Amino acid sequence: QKEVEQNSGPLSVPEGAIASLNCTYSDRGSQSFFWYRQYSGKSPELIMFIYSNGDKEDGRFTAQLNKASQYVSLLIRDSQPSDSATYLCAVNIGQTDKLIFGTGTRLQVFP
Amino acid sequence: DAGVIQSPRHEVTEMGQEVTLRCKPISGHNSLFWYRQTMMRGLELLIYFNNNVPIDDSGMPEDRFSAKMPNASFSTLKIQPSEPRDSAVYFCASSLAPNGNTIYFGEGSWLTVV
Chain A
1 QKEVEQNSGP LSVPEGAIAS LNCTYSDRGS QSFFWYRQYS GKSPELIMFI YSNGDKEDGR
61 FTAQLNKASQ YVSLLIRDSQ PSDSATYLCA VNIGQTDKLI FGTGTRLQVF P
Chain B
1 DAGVIQSPRH EVTEMGQEVT LRCKPISGHN SLFWYRQTMM RGLELLIYFN NNVPIDDSGM
61 PEDRFSAKMP NASFSTLKIQ PSEPRDSAVY FCASSLAPNG NTIYFGEGSW LTVV
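If you're matching them up, the sequences are chains A and B in order.
One point on numbering: in the working numbering, the residue at position 14 of the first sequence is 14, and numbering is uninterrupted.
One point on numbering: in the working numbering, the residue at position 9 of the second sequence is 9, and numbering is uninterrupted.
Every clue listed holds true.
Taking lysine-lysine and the BS3-like style, the derived pairs with C-alpha atoms no more than 25 Å apart in a straight line are:
no. : chain 1 : residue 1 : chain 2 : residue 2
1   : A       : K67       : A       : K56
2   : B       : K24       : B       : K68
3   : B       : K24       : A       : K42
4   : B       : K78       : A       : K42
5   : A       : K2        : A       : K67
6   : B       : K78       : B       : K24
In short, the hints are calculated from the structure, not lab data.
Quick caveat: nothing in here was measured; it's all calculated off a predicted structure.
Could you put the whole structure together from the sequences, leaning on the hints where they help?
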């Protein structure tokens, strides 16, 4: 089992819709969870991080964490074509600084 | 403040040659990470340092790969000898530990081995 798993997509949504991206992880001791966005040919950039169970909102983005189910998700409201990118889920393994990434989900927002 | 700086940005080399990638982390950060990204395997952690000390090198693919961090502001990743399967984007990233802090990526070094 991979340490961090994501559906590779592509996930296609119309402009203005909600995009839902999901991620599962294997290490129950993990404490910190991150979502990064990567445009083609660019480096990953942080969108959000979440440490506690529940929801965390930042503008059009909401991260959701369920440690019991070892599940973290990212919702993008009012999706825009500029949101088209690969979204990477990242998890600190145990209580270390080791940050492991999923393979990413490619999101396509069409006009 | 300057971000993570990597060099070279692009390198094309012949199989068997030595390749050295360089990284300058964000000033004040005490953790440094080397990742490799390919279409097939995604973003893989090769090695990370904390306070210039290698903490976990379990992701280093084989003995051809080595990494050093002689001081807080400089790190190298060396491949010797290089092989075509090493072709990838190599990212350096840094963070301010302890665990749970955001890591910030450099722009990457695009390596092609022919």
